[in-house]
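Visitor: These are the residues of each chain, in order.
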Amino acid sequence: MLSSTADHLYWMARSMERAENTARMLDVTYRLSLLKQTVAEPHHEWRAMLSISGLHEDFEARYDEPSAENVMHFMAQDEKNPGSIYNSISSARENARAIRGAITSEMWEALNHTWLEMRKIHDKGIADDGVSPFFEWVKARSHLSRGIAHGTLLRDDTFRFLRLGTFLERADNTARILDVKYHILLPSLSDVGGAADYYHWGALLRSVSSFESYRKVYRDLITPTRVAELLILRPDMPRSLTACMNEVNRLVQEINGPRSSELVRRSGLLSGELRYGSIDGIFARGLHEYLSDFLERIYELGDLINTTYFWSTDELPAAMFSSLPAAAPSPTMTSSSQMMA
Amino acid sequence: MIAFDEMHAADGAVRDSYRSYAEWLQTIPEAVTARKREEADLLFHRIGITFAVYGEDAGTERLIPFDIVPRIIAAQEWQRIEQGLRQRVQALNAFLHDVYHDQEILKAGRIPAPQVLGNSQYRKEMQGVSVAGKIYAHVAGIDLVRAGEGEYYVLEDNLRTPSGVSYMLEDRKMMMRLFPEIFTRMAIAPVEHYPDLLLENLRSVAQQGVANPNVVLLTPGQFNSAYFEHAFLAQQMGIELVEGNDLFVRDDTVFMRTTQGPQRVDVIYRRIDDDFLDPLAFRKDSVLGVPGLFNAYRAGRVTLANAVGTGIADDKAMYIHVPEMIRFYCGEEPILSNVPTWELSKADDRKYVLEHLAELVVKEVHGSGGYGMLVGPTSSKAEIESFRAKILATPGNYIAQPTLSLSTCPTYVENGIAPRHIDLRPYVLSGKEVSMVPGGLTRVALKEGSLVVNSSQGGGTKDTWVLEN
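Here the protein sequences come in this chain order: U and B. Residue 319 in the numbering used here is what sits at position 269 of the first sequence, and the numbering runs on without skipping anything. Residue 64 in the numbering used here is what sits at position 54 of the second sequence, and the numbering runs on without skipping anything.
In isolation and in its complexed conformation, chain B is listed as follows:
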């Protein structure tokens, strides 16, 4: 199975989108690119763009490898992706509002009610709670992969606290620093205004009547793997980066502790999971959250972005229903396709999957970060058999998908340049309007043949260029 390569057609010719880039690259001596790669490494280290790794020695900080060959997307192709993303995220927001209110989609029998109401990600506490602008997923990270010419699939929706956007911004900054001349030769859509869009989006969802809303970013703290991003975004937006103990609630109103006394908070861009938000409402042992926050939220006195309970819409068990959501809420056919998916809770699907484990990718329904999955074609017999046992024990915990031949992009590896598999995570902002910057974060699986692009599993990143017409 030969993968679609973003830069080269099957006959080796350079594709249109990469033509200017390839011409320019030929004029750059190898010694220069080698030096630029070293420079990038050094800069990322010095700036301290690192992420913490779970499960290794506490406090381990690692650099996410950055690759200097960009991933380039043609203008027309992006237009279609953008339309598809808008449609999908609007449907997902409509779905979230619906399942916590009138549940029309369940009444209409388009999605089996028990799959929603019996799902551990469904938050009964959110039933009947009205959130500003009926927006739940203010920031959505939609993972896309390409299998062939014009053939994009949505791999998964991330609607809780999607991360990675700081790498998108830093990668662009790095490319402009290393290769300023290419940006004058090619028309590359800018992405640097993302923090402005995000701030505008967050301000647009403050409770009504607040003239100058105070927006803060709530982080679990500096030992969280995405802490760099939290600090970075807060700084870029010029808002306070707060931890749970910076906030407190009095009379259903949220305040922050400042050197001048308490100050009211209107919108919280929270990068803490639902479970840890409020020890009075959710996990009692949470030291990261703010006691009383959920009551203030239900009383409509503060906006949380993303809303509580969005996990029901990006759960892998719900993924298969997204095309139906789009038809139901938008009255349109989905522009972006889902990857065909088998549900192991269904006997027929399970039978097929268990017979074809060596060809399929099997994922845990609630898992994330590339943990707890089986990639059949690259796994040993023993690995497959041990996974089979796990599936048989709790089949409802798994879904399976065909091993897509993810597209590849030329990437610097130890012995020069070689194709490596990539995906794409655009960030879609929903508030008064839906907005996004062109492109997103391209992640690359640096191991030869590997399809796992997660940074926690040794993936790297690339700058993503959407060409302007």
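So here's chain U without its partners, still in its complex pose:
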């Protein structure tokens, strides 16, 4: 497959997954902000959300205070914020447009439709029908895109690069959601099993569609430790770090290629550590420290995916040509050293 096609597929899936996760993150923050304030500082949740997304500087440069309204505007529909839902959907659609020949027409039509709708919503403002219906809509469109890919695509590298983008982005987002909420909810840790826990951790679980699963798995009170275990270590939870990394690891092995050994090794290592990790070990180290380290390694994996599959000719090793069929001798001579410049 063309490197640029793979690149577009990967980013198309990442962007759509990011739009969905941003909607999830905003949704849970919004729900939490409706509850009684647990800390004296106003807008605590919104501030935390901005800082964990790494966007607080951009925000502060253009907005006054991190009120619910401002942050939601910034994260959902701000055209100047590259991470906004608006721009994520736009980027998913632009990437799809660049490779519409490589995906099924149903996939293109659905994404194009999502973008056209997003523009209409953008003109009216996301709060026009209430923010929750908007978040639901974003999630539904993301589900639709993924579902169409699943139901219509040939299981070749096209499918694999899409999935690779989805799971790497999702791992990143689950880790961030967990980190930001843990940060906010920390003061209430002493109050284990209290009503506040139920609402706060319940809201977090709902934001990653895991509330019902939690009940089924634990049949017990909602506690921070169990929530963390569910979202980090359970391989059967589709949004958990382990589930995402198992997928990523499987995909890079299937795609393979002449230069992918380092990528396969590193993703295998990360997925193995998760598989055999324990929640006590993670808490002993500190959940925040653990998640920060995980996010860093995800970032490095993304870098490695870039250089392995989406390589540029600047870093072309001579070895890559060794397996090529010898070209027929050229009838007229041109200086080849000149061509290499």
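Below 25 Å or equal to it, Euclidean Cα-Cα: the simulated SDA-like pairs (lysine to any residue) are: (1) B:K46 - U:A160; (2) B:K183 - U:L203; (3) B:K183 - U:E156.
With the Cβ distance kept under 8 Å, some of the chain B side facing chain U (calculated, not the full set): (4) A241; (5) V252; (6) M266; (7) T269; (8) G271.
Read the hints as simulated data drawn from the structure, not as lab findings. Backbone N, C-alpha and C define an ideal beta-carbon position, used for all residues, glycine too.
Assemble the complex: chain U is given as a structure, and chain B must be docked to it using the hints.
Guide: Then chain B, alone, in the frame of chain U:
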């Protein structure tokens, strides 16, 4: 001046070619056709068949209007057109090979040498370069207009990167989707195999000895006005759609970057202009091209379709010489006529044209897309006078033609059906053999009385039916 109408004779009677269609149309209630038109609009939007417009806000995408009344061509009439097209394109290819090699036609004095060698479209870099099969214009779009019964004229030859064929294919698909029953009632020649013909044609011009040539389509990218078509054709042919930065050259060999490493490329169906192909050989500021591509091409290691330098043959200054090319290379009289043309570089012609501007069409020699032309009969005095000044400043830049009464075809407009002017662009493929699908793209000028059919100027398209015997 009453134009020839494709569907109705002067006395209002329906012509033979349209008889079955007209009978069928009468059985369709108006409400149904209205609904079908809405459906077509919706489908084209959803599928995203749009084209970008230059000079408006960046990223503007517009739909090319599609009209549901087909343009129908009788079988015998098409046969003659097809023969004429084959003859013309063969002569044009022979001319291209000749002017970049022995220049026999210039030596014989049939075309003034300075008009060719001094033309900005003549690529000296191509002199002596041998291209596979001596084919230069692998894909030619020949614009035809009809002025009367059996009276077809070639308006211009497009031999660089002619576009529009995707609309021909999508229009047919749309008609079959909207009105499947008519296709069982009438014998309409199929066009859907065009991508197969094109692929076969491209594979046939790979350099010798390549068993399974790797063909790619090179596009300037998604902001090009014809990007939809590039993606569409690549997908239909099952070949890679590449941009300049997907390709690179090592040792005069072209490779593409893939997730599995470099892969050799043999034939490039390029939809990028010559100037932008290779920043080392042509425009240095081009970011669309592939450095070193032209050297690989000259070394015979890759085929470009169309070849570099075809612009010399479809230049409007060369147009007037095409009938002579046909006589010279084919030893035959041209089957398709040229429109009579005045060259404003000639004093006599210029004098006549300047006296008759209000009746004539004046075109820029190097212009395309319907920009930079004057349609005398539909222009205001002020427009004509300002054009006169432009002509006087650089007369050699212009040619003039009589205002042909382009044929019309019934077309849906705001207040029902009315006749609108049309033209026809068949696509002629040259490789080991010359091939084409029957018909081509019919473009229609949607403005009443307008003769400009270009999509960039508000033109629409129609499905084109060639009847089978």
